[in-house]
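Undergrad: Chain by chain, the residues run as shown.
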Amino acid sequence: MIEVRNLHKIFRTGEIEVEALKGVSFKIEDGEFTAIMGPSGSGKSTLMHLLGCLDQATSGNYLLDGVEINELSDNDLAVIRNKKIGFVFQQFNLLARTSAWKNVEVPLIYRGVRRKARRAKAKEMLEKVGLGHRLEHNPNEISGGQRQRVAIARALVNDPALILADEPTGNLDTTTGGEIMDIFQELNQQGHTILMVTHETEIARAARRIISLRDGLIESDEVRAS
Amino acid sequence: MIRETIRMALHSLKINKLRTFLSMLGIIIGVAAVIAIVSIGSSAQQEVAGQIATLGSDLIWVTPGRGSGTANPREGFTLEVIDFIDLYTPDIVNVVPEITTGVELVRGDTAVSSTVVGTSPGFAKANLYFPVLGRFLENDDLEQRRNSLVLGSEIARELFDRDDPLGLRVRIDFRSRRLNFTVVGVMEDKGQGIMGNLDNRVYIPVTTHLQRLNQENYVDLYYAQAAPEASAQEARGQLEYFFLKYLGEENRYNIFSQDQILEVLDQVTGTLGLMLAGIAGISLLVGGIGIMNIMLVSVTERTREIGIRKALGAKKRQILGQFLVEALALSGIGGVFGIGLGWLGTFAVTEIGGWMLVMSPISIMLAFGFALAIGLFFGIYPAVKAARLDPVQALSYE
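Line by line, the protein sequences are chains Z and G.
The opening position of the first sequence corresponds to residue 13 in the numbering used here, with each subsequent residue numbered one higher.
The opening position of the second sequence corresponds to residue 57 in the numbering used here, with each subsequent residue numbered one higher.
FYI, nobody ran anything at the bench for these hints, they're computed from the structure.
Owing to the predicted nature of the structure, the values given are computational and were not obtained by experimental measurement.
Among the clues, some could well be false.
Said to hold, decoys possible - Here are the simulated lysine-lysine pairs, DSS-like style, with alpha carbons at most 27 Å apart:
no.	chain 1	residue 1	chain 2	residue 2
1	G	Lys371	Z	Lys128
2	Z	Lys128	G	Lys301
3	Z	Lys114	G	Lys70
4	Z	Lys96	Z	Lys135
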C-alpha cells in the first residue's frame, strides 16, 4: 500500500528555487491500476521519481508498505528499488549489447540470487511476456514492442509491490502500444499494483483511477466505474 | 557478489573489444618493456660473467702504467722479473708473460692476418685453455727459444682446413722479417673472451718472440693467479707491494683482478638496467593514465547504464566495485599480455645473441604488481565518480 502525505519537492539551482511539488497527498491500495496525468511541468515526473525511490522529497511523508521512504539512506533506497519497485521506462532503458535474459536478471544479481536460479527466473518472466523464444537476443535485434516486453519482464522479476511505468507506450506505434497496455491490464488482473505516468488520455483510460496534476498540485482524482 | 562483479566487468570489457585493447596497450607495452629490459639485462650479465669465468679463475693482470717520463712504459716488464715475483709473493702462483704482435701467417699460397702471442706454458692453465691436437708450449721450447707454434682453432681451419697440421711449417711475416715455425699443437675452441677471440691467435714461446720477432726486452703484461688456499685480496696486495718496490712509482703499473672487472661490470649493468627499468616504469605510469582516461570516458558514456543499474537496485559500492574491477581487469589482463610480450622480446634477443635466457621472476612480479597498483590507483577516481551519480540525472542523460 502506498500513502503520500503533503509531499513537497523543491529544486535549488544556485539562487533559483523551483517548487515542483507543492503538497501532494493520496493513497493507493494494493492491486490498483492508477494513471497519473498532467501537462509537462505539472510535477508528474518529479512525483514519479519520488514514488520510485530514485529521489527523496523535501518534506512530507511517503509510506511504501509501511516504510517511511523519506528517512532512508541511499543504500536502503537501493534495496527498496530492488525489491519493491519495478520500472518500465519510455526509453526501455535496456543494457545495450546484452542479451534479453541477461537484462532481465540484473535486479536478481543485485539481490544476490545465484546464477542458475537467475536464469530460470529470467526465462520464466520472458515467457510470461511472450518472449520465451528471444532469450539470447540483444535489444538491437528485436522490435520496440519486444524491447518493452523485456523491460516489463525485468520489472516483474523481483515480484515488486509496485510497477512504475513512465510513458510506457511513448516510443511505440498505436498497435504495439495497445499490446503493451493489454499486458499491463493482465498483470493488474493478476494482482499487481500499477502506477503509470502518461499525458495521453487514450492510454490513461486503461487505468481504473486517474490522478491529474497541475502546477505541483492534484487537480483531480477520479475512479472510473468499471 | 564478487564473482558477479567480475563477470559484469569482463562482460562490459568484452562488448567494447577495441576500446579495451587500446586502453590496455599502454600497460602491455609498459610491462613488456620492464620485463624485457630487466631480463635482457640479466641474461647479458650472466653471459659476460660466464665468459669471464671461462677465462680462468681468480686471474690477476699486471699491465704497464702510463709512467711519468717519456721512456717506454713497458720498461721493467722483463722475463727475469717473473722469478722474483715467484720468490717474493708467496700467495701468487703461475705468473705468465704475454706479448702480442699483429702478423701475417703464410702457408703455401694462403696468407691470413693473425696475432702472435708470445707466452709461457702457464698460459694454458691460467686461461683454462687446452690443446686438442699435439701439445701446448713447454719449458723446453722457451729455454731453447724454439720456433714452435701452437695454432688457435680458427687459424688451424683457415690454414690447414681439416688436414693434420702437426709438424708442418708456417711462415710468420712481421715487418721485413720472415720466420719459419713448426706447428706443435692446435688449441680447442674457446670463442670470444674478454681479452678478445683466442681462436684466431697463434702461440709461440715468449723467448722466441722477444728475441726474433719483436726484438725487444719487454712483454705487454703478466697474468698471475692467487694460490688456491690464499685469499685473492692478500695475493693482490703482495703483488701490489712487489711492483711498487720494484718499479718505484705507482703509476708505472696497473693491477686488476677478475672480481674487480666483474664488480665494475655489475655496477655498469646495474645502473644501466635501473635507468632503463625506470624509463619503462614511466611508460607503465603513462599506461595507467591511459586507463584513467578511458575509464572516465567510459563512465560518461555509460552514465545511462549506471542510472539503469541504480534504478534496478545497484548500491553505490556495487557500481564502485564494477568500475574498479574493470580498471583492475584492464591492467591485469594488460599485464598478462605484457608478460607474454616481454618474454617473447627477451627470448628473441637472447636467441639472436646466443645467450642463456634468464627471466627475472622478480621483474615479472614487480611489473605485474605495479600494473595492478596503477589500475587500482587510476581506476578509483572514475569508479567513485560513477558511484556518486544521481540516479534521476543519470537516467535522463542523453
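Undergrad: Indicate, hint by hint, whether the structure satisfies it.
TA: Hint check results:
For the given pair, Lys371/G sits about 23 Å from Lys128/Z by alpha-carbon distance, which is consistent with the 27 Å threshold. The hinted pair formed by Lys128/Z and Lys301/G fails the criterion: a straight-line CA distance of about 90 Å is larger than 27 Å. With a CA separation close to 15 Å, the supplied pair Lys114/Z and Lys70/G stays within the 27 Å bound. Proposed proximity of Lys96/Z and Lys135/Z is supported: the alpha carbons are some 20 Å apart, at most 27 Å.
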